[in-house]
Amino acid sequence: MTDTSTIDAPGRAARGSDFARLSRRVADAGLLDRRPGYYALRIALVVALLAGGWAAFLALGDSWAQLLVAAYLAVVFAQVALLAHDLAHRQVFRSRRYSQVAGWLAGNLVIGMSYGWWMDKHTRHHANPNHEDHDPDVSPEVLIWSRRQAAASRGVARIIGRWQAYLFFPLLTLEGLNLHVSSFRALRRPHLKHRAVEAVLLVAHVAAYLATVFAVLPLGKGLLFVAVHQAIFGVYLGCTFAPNHKGMPMLTAEDRLDFLRRQVLTSRDVRGGLVVDVALGGLNYQIEHHLFPSMPTPNLRHAQPLVRAYCAELGIPYHETGLLDSYTQALRHMHDAGTPIRARASHNP
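Counting in UniProt numbering, the sequence shown runs from 1 upward without gaps.
Source of the hints: derived by calculation from the structure; they are not laboratory data. Where is the CB? At the ideal position from N, CA and C, for every residue including glycine. Take these hints with a grain of salt, some might be off.
Simulated restraints on C-beta separations [stated by the list, open to error]:
| hint | residue 1 | residue 2 | range |
| --- | --- | --- | --- |
| 1 | Ser17 | Phe214 | 21 to 29 Å |
| 2 | Pro136 | Phe214 | 33 to 41 Å |
| 3 | Thr339 | Leu314 | 30 to 38 Å |
| 4 | Arg154 | Ser63 | 42 to 50 Å |
| 5 | Arg147 | Leu60 | 46 to 54 Å |
Construct the complete structure from the given sequences, taking the supplied hints into account.
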């Protein structure tokens, strides 16, 4: 497992740089300080919501109303995933060990997602956001994110790439399943540390989840419950991450940017107030989060005015938009990225 401290390493290495000056302003404002009260309350609320959801499931029994419970639990599972994200960045605990154990419980045991696999992937994303060669979140395995990737696309990516903007949200219904499958596949990788612990917790999640569902519901309703739950879980997770980088500039080996500009230019913030803050788990302050990954979530909104003003001083574009507009920009970018595939198809009908 990659040490979570590596997520913050680029920022610490930037002494005397534009980022270092911003970092001093943020630290002087106390925005890097821990928020134990906030996280104690947030964890308690998420645990209560999770327990309440499964209690309602057991109380309802064999009923079609269970589909509403499936939708509710999908939202709660996504909130657990957002909490696991904060744990990975050591926003909750200073100790790597405490963060790791809590991450295993939240990720592997509660929602069935390998904490170690996800953290390794997310660390590489933070180091090189929107980089065509180094960011796993823009790897052209199914979707493509630039015309350059489209020109070189093969197989599934080429087939889907033509109309991927229209298929994006339907495909997100499979994202929950993809996370589970990818988590189990990661157990075969030698570089994944603590594979035995991760495997035991993942198997325990699947066994407990399926045993609970099918002990209460008959086969047909049980399968439908699982399908609704996992589909909404995937869509919700996708909707929390899509506004952050999709549609922002893509980087290649030719781009030479310092840490500050690399993080700011490839990220966007999303306006919307408290509702959006809660729904997106603070990821709507994506610029601030990428600059200061270990900053507690409730401090991000306070850091935003400092970061925005500093970018204005340096003449660095700072991108902020509304939630719906962020999806529109992302979908337009995806459609544009598929242009070479559509052009090739039109010449070779």
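Confirm or reject the claim that Pro136 and Phe214 have a C-beta distance inside 33 to 41 Å.
Once the Cβ atoms are compared, 34 Å apart, the range 33 to 41 Å for Phe214 and Pro136 holds.
With respect to the beta-carbon atoms only, verify the hint that Arg147 and Leu60 lie 46 to 54 Å apart.
Distance hint for Arg147, Leu60 holds at roughly 50 Å.
The hint says 42 to 50 Å between Arg154 and Ser63; measuring C-beta to C-beta, is that right?
Since Arg154 and Ser63 have Cβ atoms about 47 Å apart, the given range 42 to 50 Å holds.
Per the hint of 30 to 38 Å, is the separation of the Cβ atoms of Thr339 and Leu314 within bounds?
Given about 33 Å between the Cβ atoms, the range holds.
Given the hint of 21 to 29 Å, is the C-beta distance from Ser17 to Phe214 inside that range or not?
56 Å, violated
The earlier numbered hint that this structure contradicts is number 1, and it is the only one.
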